[in-house]
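S.K.: Next come the chains, spelled out residue by residue.
Protein chains: 2
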Amino acid sequence: MKKIELEEVAKFKKDKYWLDFVHDSYNMRLILFCFEPGQELPVHSHDVDSEVFLCVLEGEGSFIGGEKDIPAKRGSLLVSPVSEPHGIRAKTRMKVLVGIAPPI
Amino acid sequence: MKKIELEEVAKFKKDKYWLDFVHDSYNMRLILFCFEPGQELPVHSHDVDSEVFLCVLEGEGSFIGGEKDIPAKRGSLLVSPVSEPHGIRAKTRMKVLVGIAPPI
Chain A
0 MKKIELEEVA KFKKDKYWLD FVHDSYNMRL ILFCFEPGQE LPVHSHDVDS
50 EVFLCVLEGE GSFIGGEKDI PAKRGSLLVS PVSEPHGIRA KTRMKVLVGI
100 APPI
Chain B
0 MKKIELEEVA KFKKDKYWLD FVHDSYNMRL ILFCFEPGQE LPVHSHDVDS
50 EVFLCVLEGE GSFIGGEKDI PAKRGSLLVS PVSEPHGIRA KTRMKVLVGI
100 APPI
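Chains as they are written, first to last, in numbering that gives the first Met the number 0: chain A, 0 to 103; chain B, 0 to 103.
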C-alpha cells in the first residue's frame, strides 16, 4: 500500500492546468488535476471501453462536454464512459481527482 | 455521464459506519463511506488481482491494516492491492471515497 497526500502534491500553474499521475497501474490510473480560475481540461473522448470519474476535492466550476454544462463543486462526482465527451472548466481554483479504469 | 453530489448522499449512523455504492459497473465500483468518530471499516483483504483506493474527503482518522496505522486526513489517498489487508478507523466524522477496479 502507498499513501499520497494530495494537499502536498497539488501545484498550480499560471499558463495551464497542472496534473500529476498519483497512481498508474494496469488496473487503474489516478490523476490529480489543479486548475486556476478560468483554466479548463478541454472536452475530449476516447473510443475505448473504459470509465472515468471526476471528483471535485476543492473549488467550483463545471463538468463540460454534455448537452449542458453541469455545475461542479466540492463533493461533486461525475462518472462517464471515456467514450463520451467530458471535460472540466474551473470558476475558482479547483482540485479534482480523476480516475480511469482500466487505464487507456 | 451521471453526476452524484456526495454531500447529498452522505448519511451517518450511530451503530455502524454507513456506505453507499455510488457507482458500480464491470470497470469500477465507487463507494462512499461515512463514519462517526470511533467507527471503523475492519481490516480485510481479498485474494484477487484488483486494486482499491481510499480518498479522505472530510475528517480525520487512520488507514489501518499495515505494519503501523497511517494517519489520514482530508486529501489523504491510500492505494493498495485488495489482496493486502486494509481498513479505516475514524477519529472525527469522516467521509471517504473508495474505489475498486476491477470490482470484486
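These are calculated hints, taken from the structure and not from any lab test.
You may find that some hints are simply not true.
[Claimed, not checked] The calculated DSS-like cross-link candidates involving lysine-lysine, where the alpha carbons are at most 27 Å apart (straight line), are:
#	chain 1	residue 1	chain 2	residue 2
1	A	Lys90	A	Lys1
2	B	Lys67	A	Lys1
3	A	Lys67	B	Lys12
4	A	Lys72	B	Lys72
5	B	Lys1	B	Lys13
6	B	Lys2	A	Lys67
7	A	Lys1	B	Lys13
8	B	Lys72	A	Lys2
9	B	Lys72	A	Lys10
10	A	Lys72	B	Lys90
11	A	Lys1	B	Lys72
Predicted, not measured: the structure shown is a model, and the values here were computed from it.
S.K.: Holds or violated: are the alpha carbons of A:Lys72 and B:Lys72 at most 27 Å from each other?
M.R.: 19 Å, holds
S.K.: Hey, B:Lys67 versus A:Lys1, does the alpha-carbon distance stay inside 27 Å?
M.R.: 12 Å, holds
S.K.: Would the pair B:Lys72 and A:Lys2 pass a check requiring their Cα atoms to be no farther apart than 27 Å?
M.R.: 11 Å, holds
S.K.: Does A:Lys90 pair with A:Lys1 here, judged by a C-alpha cut-off of 27 Å?
M.R.: Status violated; Cα separation ~32 Å.
S.K.: Are the Cα positions of B:Lys1 and B:Lys13 separated by 27 Å at most?
M.R.: Roughly 30 Å separates the two Cα atoms, so the pair is violated.
S.K.: Is the straight-line distance between the alpha-carbon of B:Lys72 and that of A:Lys10 27 Å or less?
M.R.: Answer holds: B:Lys72 to A:Lys10 is near 19 Å, not above 27 Å.
S.K.: Does the alpha-carbon distance linking A:Lys72 and B:Lys90 stay inside the 27 Å limit?
M.R.: 26 Å, holds
S.K.: Holds or violated: A:Lys1 and B:Lys72, Cα atoms, limit 27 Å.
M.R.: 15 Å, holds
S.K.: With the threshold set at 27 Å, check whether the alpha-carbon distance from A:Lys1 to B:Lys13 stays at or below it.
M.R.: 31 Å, violated
S.K.: Could you grab the alpha-carbon distance between B:Lys2 and A:Lys67 and see if it respects the 27 Å cut-off?
M.R.: 12 Å, holds
S.K.: Just to be careful, I want the Cα atoms of A:Lys67 and B:Lys12 compared with a cutoff of 27 Å; is the pair within it?
M.R.: 36 Å, violated
Checked against the numbered hints given earlier, this structure breaks hints 1, 3, 5 and 7; the rest are met.
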